[in-house]
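Undergrad: Generate coordinates for the entire structure from the input sequences, incorporating the hints supplied.
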Amino acid sequence: MTIRTRDYGMPALLLPLVLAAFFCASLGAEETREKEKKSIVQAVVGATVLPVSGPMVRRGTVIWKDGKILEVAAELAAPEGARVHDADGLYVCPGFVSIVAMGVGIETSSGNIGNGLNPWDRELTIALANGITTVQALPAPFFGGFGQDGPLYGGSNSAVIKLTQGDLGGMLVKEPAMNYFSLPTRQLELNYFLLRERFKQAKAYLAKRAEARAKKATAPKLSSSLKLYVAVLENTRPTVFSPANNHEVKIVLSLSREYGFDAVLNEPKDAWMMAADLAAANVPVLVKSRGPDFDFNTTGPLFEKGQMAPVRRPAAFVRAGCQVSILPYRRGISLAGLAGRDLATLHIDAAFAVRGGMSNEDALKAITLNPARTLRVDDRLGSLEKGKDADLLILSGHPLDYRSFVLKAFINGKLYYDREKSRIYREIPLTGDK
Amino acid sequence: MQMTRSWKAAILLLAVSFLARPLYCEDGAAAQRWAIRGGKIVTVTKGAVEGGVLLVSDGRIEKIIAAPASDWKPPEGYQLIDASGRWIVPGFVELHSHIAGGDLNDMVYSVNPGFRTLDNIMPRNALLKRAQAGGVTTALFIPGSGTNMGGFGTLIKTAGKDLSEMLIRFPGALKIAQGGNPERGGGDLGYSRIGMNWLIRNALKEGQLYTEAWDAWEADKTKKKPVKNPRLEMFRGLFHKEYPVVVHTQGYHLILSTIRILHDEMGLWVVIDHGTFDGFELAPEVAKRGIQVMNGPRQFRWDNRRGGFRGLAYEWSRGGIKTVGVNTDAPVVPAEELIHQAAMAVRLGLKEDVALAGITIHAARALGVEKRIGSLEAGKDADIVIWTGDPLDPRQSVVLTMVNGKIAYDTSKEPQRF
Amino acid sequence: MRLKMYQDQDNRERGRARIVRLLLPVLLAVLSPAVAADGEVVAYRAGKIIRSAGEAAAAGILIVRDGKIEDVLAADAKTPEGAKVVELPGAVVLPGLVNPLSGISQVNFTSGPGRASQSNSSPSDGRKAVGLSSLNLKHEVYRRLGRTGYTTFAVVPNDTRGLIAGQASVIRPALGKEKEPGELVLEKSAYLLLGFSSGKTWYDAGLRYLKKAVDDILKEKAAKKKAEEDARKKAEEAKKKASQPSTGEKKPAPAPPAVKPAAPKPKPAPKPKVPDPLVQLFKGEKKAFVRVTSPAALAHFFAFFDKLPIKFQFVLVTGPQPPEIVEMLIERRKQITAVILEPRMGRIPETSIYVNTARLFLRSGMPVAFVPLRDTIDGHREIFFQLAAMVKSGVLPHEALAGVTSVPADLVGLGAKVGSLKKGGLANFACYDRDPLSGTARLLSVYVEGRKVFEDDPSTGELSGEAIR
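Chains as they are written, first to last, in our numbering: chain V, 1 to 434; chain Z, 435 to 852; chain E, 853 to 1321.
For the record, the hints were derived by calculation from the structure and aren't laboratory data. Beta carbons: idealized from backbone N, C-alpha and C, even for Gly. Possibly wrong hints are sitting among the right ones.
Said to hold, decoys possible - Okay, derived cross-link-like pairs now, DSS-like style, lysine-lysine, Cα gap no bigger than 27 angstroms in a straight line: (1) V:Lys-421 - Z:Lys-785; (2) V:Lys-221 - E:Lys-1052; (3) E:Lys-1052 - V:Lys-174; (4) E:Lys-1138 - E:Lys-1073.
Said to hold, decoys possible - Among chain E residues calculated to face chain Z with C-beta under 8 angstroms, some are: (5) Ile-1200; (6) Pro-1201; (7) Glu-1202; (8) Thr-1203; (9) Ser-1204.
TA: The following block contains the structure:
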């Protein structure tokens, strides 16, 4: 039954001093952080640099400051006072861009995505650890897991976000990213008739609205059934369609021609047959490089006559001149245990496209610059060029090498992932260590 | 049951097809002879041979010429396959496949030792053909894990115009699912592990007693002739260790019951055919018993105590299973992506040569057919796959698949399947 | 059975201590009046009095007059003339505990949770709601509050899910004779409770209420400034005109301006306006507590907050956090004046590594107040078990005690009256039979403003514990 009077003795006297010291230290730290926020020049030297917008640079240097790339060149010394990351024997490339990602970085998507982002999201952290620095984020489907496959829902929210782990600032790049349009699946005659009617009505609405604006009158009311059609026709961003077959591809092409809006095709499986038409119409395609799993169908397909194995399709589109973005095998991060079948191995899916006949360069472009172009953010990211955002990766090997790991990931010039300090791959040895 | 004439004939036919090798091509012509010039011949068991030549005749590897002379020409009657700049690799061995014929599970009873996949096989089905394009030449076609004992699986080649050409061995192995799928609902026995373990032990015990009775009779140790029971017949080979039991088992505690019941108590030859989740923590005990592990289809575990990934095949290897292999549980992972499973195992820590050996020689040895398949050595089956480069690299692909000395897939003559 | 237990307990204790324990309630009952009469001075003599967390416990005499603490004298000092002396041998006397955020006023208090969970569905405006209005004296609970060792509660209104949840009132436990809830109140509106979460509905609500209040204030300021500016200009112009020389010619004096500025009309007496607590907040006239729990919600709150043209300091009410979030919050030390936490461990996400969030804050110099894990009577009684768990993982004992006494008292603005036994403060104190952090301590009695509201009866070996009326 003793009171520990010691507890209230000396420490009580020292405590104010200690607290004061901590407070001053924290203030001092604050000042250093303030200084750090001001112009820091960083550089990575000695790496094999893959800028994507140009040829490989050996013994290359990338310099960046205040989140923007200053210079990419061979055998360039880092400037005085720069923080240098030695990358001798390593590779540097732009951060990967996943053209779609579900359930990554989003806490809640009611209303919009930007106000509901979660920079502490576990799936975001894992995607970043695998080199993905930017995604077009879509809300996770109600039933997760395998529900991540299938067509993308019409009217869906979407936003381009960077995976700035722990930082909300700098995370949102653009919202909305693209329009999503669902083609009719039943009662086709009736529904296509309605579809065309609505496009006509939307066009008429836009004309009326333009008139009202010219007269400085109030804009006419927009009914909710026409909202998506008007968005499509306004064409401030492209519209994504998920055609089930080539017939629907033709419908999309004809609509986009007639009404003059930009279309994007999501998983247009056999449209490689019409790739030349798509290229001529400047319609980008989002393509997977492997076929589905859980296929019990012993009767086919066999890709013998008139068909093409999924692995060959991305290359076929590229050969015809289409802008191809590689889709991850699944749209989200899966922790169920199947490796190489989800968002984390986007670069492996790009490697499979090489198996199907694509060049390494085009495959890397299909997970960097092409998705950036499709999302209309290529002014900022997708390649290592002067003036673009410093979103880059230092890897242990070529980005399309299945053994390579991201060692460091920078977004907006700031180090957001360091394999040595992260727990995510701590139990997995790097290739050389095995 | 009496040994009727038709039964004897059936057994004779089976024995013949078991022993015989296909000696004719589809069009009835004599088996072709091939001289495959590398490129890099990856024997798996005896290292790599750069620029060597593989001679194939009668459906087997005749010999490997390590350093052919500069003016070397293929011998008379041998057709040249030029694989310079390419890799020549043994066909892969899949020990957990469900794609050869459908009808995975019949779940009226929880143990079905009389079932066999032999009669379900569909030769030349599209899924097997795609497997060929992934370099897979042998597959163990087993029942599903909907019951504790699904039946006996068949070891087949993935190419061949009919069953006789494809068959390596029936029974290939008994399939047991220790838990994690066969749990019964609706108030039936086998709802939980205690019930399922009983069902497994009881069935095996029945088989063991049946085997002992017949062994005694055949060794003239008893005057009492046991009754023939087709339901239990295949247990005799099992308890004689002519073929193993492959077990769908995963997680520490489930695998513990597998090694205790099946190996320690029943004395069976056991192959662990998933070993996922935290099963690798039992590696030392499994290694002590010399039990092979084919890890898959899950290749990693998210460790939520440490907040990171664990590579399962790598952890098995670290724990003592140096022969660890991988599987696809096709079509959970498409059969042609067996090598991709191996590549993921490598990415997550496993050594490359271990990964390759795991789906070739070690898998073959796990089923007791290492004398026939699993490496490129003289005398073994000519199950040879030519790749554009290192098969573990997803960027490389198969250009030619040869099974039993016959070309099953050739991208110079047909579209690329994978 | 009871007797046996008593006998077992009896066997464990020896000699004088046992007799003292038996006699204690008798002594307390006989020697101390249930209610001190007005003007009366009572001197409580105890072996260990902790006047304030951080001070050493010392033997002394607590002098209480009219429900206030007059002084704490040394043990050997002379008691004042006419004072009633109450002996508390073996007791450890602490200041009564203070709960800075409780939902006692909510109807289902006994089942809790007092601190309602945040929901994305209703970021509403409850600025007019005051905790006091939710008090219902018919409810038993207000008389039971004293048996917890807590003597001060800041209670929030019924629905606390809003963006502006309401104003908290500080109350004391009821003695049973009160007719109006107002009699319990020490401070009607101690602070404004705000909340935030991720999602567009919260940002919209934030714009609708917070931003609008700021804009109104700025407009008012701008209008005032403009008015001053205009007045100044007029004065200048008038000055200029006055200083201009005359035109020279003899002219008749200019006629006086036709209209004399009329005498200002007598303005009607202004209605007494109830000040808008939100406006008061932005003007720095009211305290704010902001409740934001998840890391994502914190990120969004600060994203919104940083854009407000007028900022305010606040107390952050939050859940257990991993080190990187604590770091982020420490960097905002100038905005966050203190944090209120449950005495619970945080976890590094995706691992089984637990961290003591309170300790991390305290080591970085951030004051920490604790609230019980469960906002119920029993929950409050268990606070010292929970604090002991905090001490086990690195919080210093005096920090734990301060977290339920002086720190929360300061946060609700009543540091001069409650939270410590200082001169002029209210005579709110509790007696334990040993160090309360020891885990086996028994709450012997509780006094609120000099009146005993609870007394334990250890003679049966079990808790009895009805509040004394």
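Undergrad: Hint by hint, say whether it matches the structure.
TA: Comparing the hints with the structure gives:
For the hint pairing Lys-421 (chain V) with Lys-785 (chain Z), the CA-to-CA distance comes to about 24 angstroms; that is within 27 angstroms, so the pair holds. Taken as a hint, the Lys-221 (chain V) and Lys-1052 (chain E) pair is honoured in the structure, with Cα atoms around 24 angstroms apart against an allowance of 27 angstroms. Taking the CA atoms of Lys-1052 (chain E) and Lys-174 (chain V), the gap is near 16 angstroms; set against the 27 angstroms cutoff, the hint holds. Taking the CA atoms of Lys-1138 (chain E) and Lys-1073 (chain E), the gap is near 19 angstroms; set against the 27 angstroms cutoff, the hint holds.
Nearest Cβ of chain Z to the Cβ of Ile-1200 (chain E): about 7 angstroms, under the 8 angstroms cut. The hint holds. For Pro-1201 (chain E), the suggested interface contact is upheld, since its CB lies about 7 angstroms from the closest CB of chain Z, less than 8 angstroms. Because the smallest distance between the Cβ of Glu-1202 (chain E) and any Cβ of chain Z comes to about 4 angstroms, under 8 angstroms, the interface hint for this residue holds. Proximity of Thr-1203 (chain E) to chain Z holds as hinted, the smallest CB-CB distance being about 4 angstroms (cut-off 8 angstroms).
Annotation: interface hint on Ser-1204 (chain E) holds; nearest CB of chain Z at approximately 4 angstroms, less than 8 angstroms.
When the structure is compared with the earlier hints, no violation turns up for any of them.
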